[in-house]
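> Residues per chain are reported as follows:
2 protein chains.
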Amino acid sequence: MKQQDFLDQVRQVGRQAALAAGALLKLNYEKPHELTMKSAIDPVTESDFAAQKTIINLIRQTFPDHGILAEEKMETEVGEGAKGRDSASQEATPTYRWVIDPLDGTVNFAHGFPMFCVSIGFEAAGVMEYGVVYEPLRDELFEAMRGGGAWLNRSKRLKVSGVDRLNEALVATGFPYDIRERLPETLERMGKVLASSQGLRRAGSAALDLAYVAAGRMDAFFEENLKPWDTAAGILLVMEAGGAVSTFTGEPYTIFSDNIASSNGVLHRDIVALLSRKRIIRSP
Amino acid sequence: MKQQDFLDQVRQVGRQAALAAGALLKLNYEKPHELTMKSAIDPVTESDFAAQKTIINLIRQTFPDHGILAEEKMETEVGEGAKGRDSASQEATPTYRWVIDPLDGTVNFAHGFPMFCVSIGFEAAGVMEYGVVYEPLRDELFEAMRGGGAWLNRSKRLKVSGVDRLNEALVATGFPYDIRERLPETLERMGKVLASSQGLRRAGSAALDLAYVAAGRMDAFFEENLKPWDTAAGILLVMEAGGAVSTFTGEPYTIFSDNIASSNGVLHRDIVALLSRKRIIRSP
Numbered sequence: 001m002k003q004q005d006f007l008d009q010v011r012q013v014g015r016q017a018a019l020a021a022g023a024l025l026k027l028n029y030e031k032p033h034e035l036t037m038k039s040a041i042d043p044v045t046e047s048d049f050a051a052q053k054t055i056i057n058l059i060r061q062t063f064p065d066h067g068i069l070a071e072e073k074m075e076t077e078v079g080e081g082a083k084g085r086d087s088a089s090q091e092a093t094p095t096y097r098w099v100i101d102p103l104d105g106t107v108n109f110a111h112g113f114p115m116f117c118v119s120i121g122f123e124a125a126g127v128m129e130y131g132v133v134y135e136p137l138r139d140e141l142f143e144a145m146r147g148g149g150a151w152l153n154r155s156k157r158l159k160v161s162g163v164d165r166l167n168e169a170l171v172a173t174g175f176p177y178d179i180r181e182r183l184p185e186t187l188e189r190m191g192k193v194l195a196s197s198q199g200l201r202r203a204g205s206a207a208l209d210l211a212y213v214a215a216g217r218m219d220a221f222f223e224e225n226l227k228p229w230d231t232a233a234g235i236l237l238v239m240e241a242g243g244a245v246s247t248f249t250g251e252p253y254t255i256f257s258d259n260i261a262s263s264n265g266v267l268h269r270d271i272v273a274l275l276s277r278k279r280i281i282r283s284p
Numbered sequence: 001m002k003q004q005d006f007l008d009q010v011r012q013v014g015r016q017a018a019l020a021a022g023a024l025l026k027l028n029y030e031k032p033h034e035l036t037m038k039s040a041i042d043p044v045t046e047s048d049f050a051a052q053k054t055i056i057n058l059i060r061q062t063f064p065d066h067g068i069l070a071e072e073k074m075e076t077e078v079g080e081g082a083k084g085r086d087s088a089s090q091e092a093t094p095t096y097r098w099v100i101d102p103l104d105g106t107v108n109f110a111h112g113f114p115m116f117c118v119s120i121g122f123e124a125a126g127v128m129e130y131g132v133v134y135e136p137l138r139d140e141l142f143e144a145m146r147g148g149g150a151w152l153n154r155s156k157r158l159k160v161s162g163v164d165r166l167n168e169a170l171v172a173t174g175f176p177y178d179i180r181e182r183l184p185e186t187l188e189r190m191g192k193v194l195a196s197s198q199g200l201r202r203a204g205s206a207a208l209d210l211a212y213v214a215a216g217r218m219d220a221f222f223e224e225n226l227k228p229w230d231t232a233a234g235i236l237l238v239m240e241a242g243g244a245v246s247t248f249t250g251e252p253y254t255i256f257s258d259n260i261a262s263s264n265g266v267l268h269r270d271i272v273a274l275l276s277r278k279r280i281i282r283s284p
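As you go down the protein sequences, you meet chains P and R in turn. Be aware that the first sequence starts at 1, since it is given in this note's numbering, and climbs by one per residue. Be aware that the second sequence starts at 1, since it is given in this note's numbering, and climbs by one per residue.
The shape of chain P in the complex, shown without the other chains:
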């Protein structure tokens, strides 16, 4: 198969999987809460697993040999295509790999706060080639193909914002899961951003935050301690929309990095300067 045909097929499958999983999440989200709470199984976990199963089954139908790196460990449930590759290990990276978060913003989903999405990235030889973030409640499909730009709902080209001064920037962030162990640093960093920007937002879905940076709805985003599936699709969206992605210290970002700083590009130097600055260690 030609490379272009192959990537077209990747996009078809990725898009279809994101839309199918998103539709399933929306359905479960909108069920009366009293009803779902009666279920013996935790309804959130159930939705999360069902969405992942939908995605993996669709991928396996077309690409039975591709690697999969997904949030939920569920090898036994994947079906006949599973070959025990569905682990989050970094070793023996397969040439083709799908990096999947079936439900980003789980806490929001559980509480009924309407910000969550499906995130799927596709890597070839370690390079992100395609990314899709689907937000089912607003029916917004954010997609990017490496070198092909980033798009909303297949028709609107995405472009990062033009805000070029930090004090006019709207900045998104998230809190690490182990926040209780790193509260002082997290608060110090937030304090810096609060004092230097126009506003800070915390919506609770990193994949969606990155899609919003790509769409120019936010000017920058930073967070620590994310997992590969949280950022795989989003970083391609931002880059293809003209933005920038790095670590807090400005190093190249990989989906295994400890932290991420993303922006519209113009602001990147300022954001990194703010995030990377070492704490002032007072001499005793």
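Warning: the hint list may mix true and false statements.
Copies of the same chain are indistinguishable here, so a pair counts whether it falls within one copy or spans any two.
Keeping only pairs whose Cα atoms sit at most 25 Å apart, straight-line, the calculated DSS-like set for lysine-lysine is [as the list claims (entries may be wrong)]:
#1 K156 - K26
#2 K31 - K2
#3 K192 - K53
#4 K159 - K31
#5 K2 - K73
It should be emphasised that the hints constitute simulated quantities derived from the structure, not laboratory data.
Start from chain P and add chain R according to the hints.
Frame of chain P, contents of chain R only:
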């Protein structure tokens, strides 16, 4: 006119005004950004003023003598009904007063972050009788009549969440406009909430945050330094949905209070304990 007929009319006018202003905001929000930026007048201010004018004109048609307390000062633009009462002063409170925020979440609106709303409250003799928060992008109309419950889109009764443990609570907050002057206290308070709850969200619209507490999408909300029009409608929504509203120290809240703590009720004692606790003043 009978009291009930009068309040029905208030609701009709309030609802109509919120829907009309919201439709106008949505239209302006969805205009291509490049186009609106070409306008000589700041498009955000323009939308804000146009929305307020729409609301006030509709109120004046039915209730020419009611007082108005609104975010934007624009007495000269109000039209023939205006009698110089449209100031934000607390003095000589009229018997009937409409408390209006034509666009809550201005910074979001300006940046294209899709969280903003119209908020209108109606007071009789200092008591909030009717409140409406309209979120035009999702077409969600949150309404409450004192003693009549809180409703979404006229058909779904709103009820606060049943979350009864702080460490399972999703908490909303906002940052005061003068945050740079009160950063340490703000960060300290946030740190406490981050360490004690399941998650903190910052969406950037206080009126919408309160509507979400009423709808059970968030379990609590706190913020400092809000204005009367930010909370007038939202507090009635929360109370009519079974929740609680007070100051940080647990005192009765009025729309002129310096800070607000709101919750599903069950959590209120815990939230207030967290917010009111004095800083430890270290002896020199």
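> Please go over all the hints and tell whether each is borne out by the structure.
Hint-by-hint comparison with the structure:
In this assembly of identical chains, the alpha carbons of K156 and K26 lie at most 25 Å apart whether taken from the same copy (23 Å) or from different copies (18 Å). For the identical chains of this complex, K31 and K2 are neighbours neither inside a copy (44 Å) nor across copies (40 Å), given an alpha-carbon limit of 25 Å. For the identical chains of this complex, K192 and K53 are neighbours neither inside a copy (41 Å) nor across copies (38 Å), given an alpha-carbon limit of 25 Å. In this homomeric assembly, K159 and K31 come within 25 Å of each other (Cα to Cα) only across copies, at 15 Å, whereas the closest approach inside a single copy is 35 Å.
Within a single copy, K2 and K73 get their C-alpha atoms no closer than 33 Å, and across copies no closer than 64 Å, so neither meets the 25 Å cut-off.
Of the hints listed earlier, those the structure fails to meet are numbers 2, 3 and 5, in rising order.
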